[in-house]
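Given the coordinates of chain B, work out where chain E should sit on it, guided by the hints.
Residue numbers (my numbering), protein chains in the order written: chain B, 1 to 697; chain E, 1 to 697.
Don't take each hint at face value.
In this list, chains with the same sequence are indistinguishable; a pair is considered to hold if it fits within one copy or across any two.
Lysine-lysine pairs mimicking DSBU-like chemistry, simulated, CA-CA at most 35 Å apart [stated by the list, open to error]:
#1 Lys533 x Lys505
#2 Lys106 x Lys338
#3 Lys102 x Lys338
#4 Lys533 x Lys635
#5 Lys25 x Lys338
#6 Lys296 x Lys174
#7 Lys515 x Lys533
#8 Lys174 x Lys446
#9 Lys533 x Lys634
#10 Lys634 x Lys446
#11 Lys102 x Lys89
#12 Lys446 x Lys296
If you're looking for bench data, these hints aren't it; they were derived computationally from the structure.
Protein chains: 2
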Amino acid sequence: MRRNLDGLLFPRSVAVVGATPIPGKIGNAVMQNVASFPGPVYAVNPKYSEVLGRPCYPSVAALPEPVDLAVIVIPAEGVLPVLRECGEKGIKNAVVISAGFKEVGKEGAQRERELVRIANDYELNLLGPNVLGLISTRVGLNATFAPRTALPGQIAFMSQSGAFCTSVLDWAWKEKLGFSHFVSLGNKAVLNECDFLAAFAEDPETRVIVAYLEGIQDGPRFMAIAREVSREKPIVVLKAGRAEAGARAVSSHTGTMAGSDHAFDAAFRQCGVIRARTVEELFDFAYILSRQPLPKGRRIGIVTNAGGAGVMAADAAEWEGLSVARLREETLQALAQKVPEEAAIYNPVDVVGHATLEQYQAALELVLADPGVDLGVALSAPHPILRFADLARVVSQAQRTAGKPVAVSFMAGELGEEAEAILREAGIPSFFDPARAVRALAVLAKYAEVRTRPKEPPPVFPVERERVRVLFAEARRRGRVRLGLEAMDVFSAYGIPVARGGLAKTAEEAGRIAKELGTSVALKIVSPELTHKTEVGGVRLHVRPEEADRVAWELLRSLRNRFPEVQIDGVYVQEMLPPGREVILGMVRDPTFGPLLMFGLGGIYVEVLRDVAFAVAPLSRPEAEELLELVRGKKLLTGVRGQPPVARAALVDLILRVSQLVAENPDILELDLNPVLCYPDRVVAVDLRLTVSEEDL
Amino acid sequence: MRRNLDGLLFPRSVAVVGATPIPGKIGNAVMQNVASFPGPVYAVNPKYSEVLGRPCYPSVAALPEPVDLAVIVIPAEGVLPVLRECGEKGIKNAVVISAGFKEVGKEGAQRERELVRIANDYELNLLGPNVLGLISTRVGLNATFAPRTALPGQIAFMSQSGAFCTSVLDWAWKEKLGFSHFVSLGNKAVLNECDFLAAFAEDPETRVIVAYLEGIQDGPRFMAIAREVSREKPIVVLKAGRAEAGARAVSSHTGTMAGSDHAFDAAFRQCGVIRARTVEELFDFAYILSRQPLPKGRRIGIVTNAGGAGVMAADAAEWEGLSVARLREETLQALAQKVPEEAAIYNPVDVVGHATLEQYQAALELVLADPGVDLGVALSAPHPILRFADLARVVSQAQRTAGKPVAVSFMAGELGEEAEAILREAGIPSFFDPARAVRALAVLAKYAEVRTRPKEPPPVFPVERERVRVLFAEARRRGRVRLGLEAMDVFSAYGIPVARGGLAKTAEEAGRIAKELGTSVALKIVSPELTHKTEVGGVRLHVRPEEADRVAWELLRSLRNRFPEVQIDGVYVQEMLPPGREVILGMVRDPTFGPLLMFGLGGIYVEVLRDVAFAVAPLSRPEAEELLELVRGKKLLTGVRGQPPVARAALVDLILRVSQLVAENPDILELDLNPVLCYPDRVVAVDLRLTVSEEDL
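For reference, chain B alone in the conformation it holds in the complex (with noise of 0.2 Å):
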């Protein structure tokens, strides 16, 4: 449901409910905020007829029109018949600033229960309870008691945390960084961060949503908001609490590796959106984001008169990820003969410190031009014949003409201030550190391929979806939610390749699969308890299918001497395939974001090196391909010494048809598929670990 957030992000009335001229309380602050609000502003307050020269009211019932938005300051034990009063009275929107909700234990949580209901009773759009406010610089707002607002601008920001809400107002004051809304996300009762995505996407003058998160409230929802907004709009979030919280009880492979900040990375990279480390990041990137212009690559052109700074540059934009472009030969020409003889022409362009303030604006000219260069940063440290201000406005002006992205590097400090206030006009970001300058161009470059991707939407195989619940339906009969070898058939149902084979209960069964099988095979112990079927010796390779009999016999006697307490269902009687790259392809339950696939090349690369890449299900076509892209051994699977490339679209196809088995059955808590054998031909399943929940979801 996409809520229409209008009157609470730009409302044209306002009520303070709790407003008080005594200084020093909240209702006082607010109060003096919202005073400057352009439109009318009603206090209510039954102990005040007038609060800071605003007519007050005794109560909501009591004001004379269905204000568009109540700002309610209140002590939390009146909060609820309030609320009751504005839905009433056809008000439809509400900021709780009030605390002693959900935050302060049992009592309060049964509080915010009961706010929820009234607001959804009275389809309130209700933000908080336990905030800071909001401020909208579009409408001339500011409902909150902090004590700076926020200069008007294109970056809309939300955060959950009231505290750092209060740090960036005192900080972007200094630094003139403005906003177009400012949103304390509070305990997200009603409102969270996907109502506010999707109202800050539509807003015209809003260029960047930036969010600071700790965690997500509906993650599916997040992500299918999140994948339509970045295509038009940038998205940046500082996802905190990436520590791990601890172990979890887990049985899978996928389950020990897959930590809740694995998911996040995975959710954010396939819905576009840009995750922020820092707080510094977090800002570099969302004034980038809001005042330059989109790259068309990833190409860089450095300009500078230092030459350290320019090797700097060229450093940050190795390991950001950008390439520094080659220039073509007419701009060397031409650069040649503007510069001064001692110059570098190749990029990074050095024009040498003795260079003018003309030579400095040719070459940068030059640079920007250059069809291979899709981005720009100029460098300059202080020389006595350059004023950074002179330079500040060439860099502008050659930004403007070339309509390419440009940061900037004066490496200064006093001398460059008043520089700095030019280029902060010209929305040209400035930072002493030129490795700084490049990671915010690198943000754009990044961003500019989000706007790009393929649009796609998972695909659906035709399968028998009704023969995996039959089979689940059955283990759960028989007391079993964790399954091997003998589940095999439910990937059979989603199309997935396995190796042939069949549960054997006795000997003689296993002696008839296997010359049914015709071929030699491996017979595997399956039981619910032995999981680590080689650990224990569960396990007999290369067995001619003429002694598969004798083998299973001897396999079971063994086991069951030497396990005599537990239950021992048969043996898997399974094909013996030739060797093959293995890969293994996992999944668990992701508390916020829901199914999280694993991939990984087997056995050790996983075990070892850790070497795995995650993503949420289910996932388009390019999102699977893009899996195999993100693990670092991937040229194993193309092939290297002289191998030949594994069947890449059969291993594809294998990873959809497994998301899309994850996806339809939410009973399947965790799963491993391992090892998967790649062939050049083809790809087949021979091993897996399942867990069912107890109960059909």
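Relative to the frame of chain B, chain E by itself:
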């Protein structure tokens, strides 16, 4: 040779050759800056009898005394005669600011060679040419033409880029960062980074040595000095120019993998130099190292009044390699009594937004006093009841009392400015971004580990050097510089275990050798041109001794038929070894540091995953052991999936012997031992490539 630079860094008298009263000239700017020097200052210029109120002499010869330091600011053409005059006068230290030497081409390079000769003749400590100059706040000297001087401080700084010097001076002025010495290295014709490293080490007022370098002139000398110095004082280096200089002609695996930047990384690691990646890191690291004590370990205590900031700091701790300290029971109990009820008392300790100054102080003191906490970070968002300035005083006090390192992130803008000044006074670094504060703290922990590393010289094994010399001489005589299995003896001579075997020129000889070995053998074609033996079908495995002559005959015939133009020397007959874990050990000559060893797990780990580690030879035993720890797949050596560990001591021994081999024999230009097979009880080199120089070195 360790030079005495006292006269350069702590001069008692100074002459400025080329001083002029004409504003805008560099000779004037230098004289203006030098004028504030408290000791005698003389101008030298035949045109004047006085410059800026100081006596001016027509020549150096005419000076009334042999000054400690001559600063030369005249056109390049005049520099050499002046230097000779300095020498004749008995002046021992000179700064040649003048440009027009190596950096301007052939004629300049000739002039620079002449300058070096003069400096050597007169034993002149010569800084430059082509420098900004130098500043010693220790004696109040600014012998540069920069518009800013340096504030006094405890950081000694040197930079290969003069432009970067002016940048840093202007920026440091604004940031109020001080320096003990500030040196522009320029062309490094005589004095280079090594000399200043040694000199700064001896200055008791210098606590941290910081360098911006684009190259190092004498790698081995740098390493020798840095190894000693880094135990006493931290050395932080920004080495620019990481990007690869393009392909080189190489024949070994190691050659294709080892970029020059790997050598810098390895050398810095080995000699305890802390590498900064960016300018921001360079000074963040320098500042905290100069002002905060060193921690005993890596356990961080986090105190915050804003939950989000604490989470961000904990995230940063994880990725910077710090661990979030586990507070002891006594601390938790005491915390519970001192902080608000809603506070989170487990580290990160969140005293929550309405905590008083006293509560914050109590929490910080308790956390820092916990014996399980090695370093601390204090975080705060703006809160109405807390003044940052008060908090800054509390943090400073707590840091002093605890004697443990602390950094701060008060997430604010203007509201935090007064606090910043207080923290600066106390030497506590303060950043808006919590992650940046944690990153700075992590460097303290890293450096503390540098100081306590075992000090051990590389071992020297008794070896047969002469045999190696003879083998190489023979190869050269036959016109062979690229050697393969036939060079196995080189390794035997150094006590390196190799697979048994021998070179057979004929099939009969192959049969004889195989019978002597008395085991099944591998036959490998030996040819200087067919270095990819397996790929050309030049290898036969598992050959029984009695069949060796026949198989060798077929092998030789087949290869000679297929490659009629190619010189084939014979067949190497080698014992067949059982499968073992493969590793590779290689070496290339790095232009800066010399013999650079590469270690990796064999085959795919090297080729596809590029999972390799580097070290400059010769290695000490701890360095060889460290090498094994630096590869991602290191667990493969200790045993996974039930495998026993490989013979680690034998592997370390092999690395040390190869290290000695390449250190003692500079005519080995490149080598690969690939594979070395590792077993639980021994390691054996099985194949090799080696390139020897055309001339004996």
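- Item | Up to 35 Å CA-CA - lysine 296 versus lysine 446, copy category | Only inside one copy: lysine 446 and lysine 296 sit 10 Å apart there, 41 Å across copies, limit 35 Å.
- Between lysine 296 and lysine 174, at a C-alpha cutoff of 35 Å, which is it: within one copy, between copies, both, or neither? Answer is within; shortest intra-copy Cα gap is 33 Å, inter-copy 38 Å.
- With 35 Å as the alpha-carbon cut-off, assign the pair lysine 533 and lysine 635 to within, between, both or neither. both (30 Å within a copy, 23 Å between copies)
- Intra- versus inter-copy proximity for lysine 338 and lysine 102 (alpha-carbon distance at most 35 Å): Result: close only across copies, 24 Å inter versus 67 Å intra.
- Item | lysine 634 and lysine 446: within-copy, between-copy, both or neither at 35 Å Cα | Cα proximity of lysine 634 and lysine 446: in one copy and across copies (22 Å, 34 Å).
- Give the relationship of lysine 102 and lysine 89 under a CA distance limit of 35 Å: within one copy only, between copies only, both, or neither. within (26 Å within a copy, 84 Å between copies)
- Using 35 Å as the alpha carbon limit, work out where lysine 533 and lysine 505 are close: within a copy, between copies, both or neither. within (17 Å within a copy, 51 Å between copies)
- Can you tell me if lysine 106 and lysine 338 fall within 35 Å by alpha carbon in one copy, between copies, both or neither? Answer is between; shortest inter-copy Cα gap is 24 Å, intra-copy 74 Å.
- Classify it for me, lysine 25 with lysine 338: is the Cα-Cα distance of at most 35 Å met within a copy, between copies, both or neither? So lysine 25 and lysine 338 pass the 35 Å test across copies only (25 Å; inside, 65 Å).
- What label fits lysine 174 with lysine 446 when the C-alpha limit is 35 Å: within, between, both, or neither? both (28 Å within a copy, 34 Å between copies)
- Task: Pop the pair lysine 515 and lysine 533 into one bin, within, between, both or neither, using alpha-carbon distances up to 35 Å.
- Result: Within one copy only: 23 Å inside, 43 Å across.
- Since the copies are identical, ignore which copy is meant and state whether lysine 533 and lysine 634 lie within 35 Å (CA to CA) inside a copy, between copies, both or neither. both (29 Å within a copy, 26 Å between copies)
Going through the hint list in order, the structure satisfies each hint without exception.
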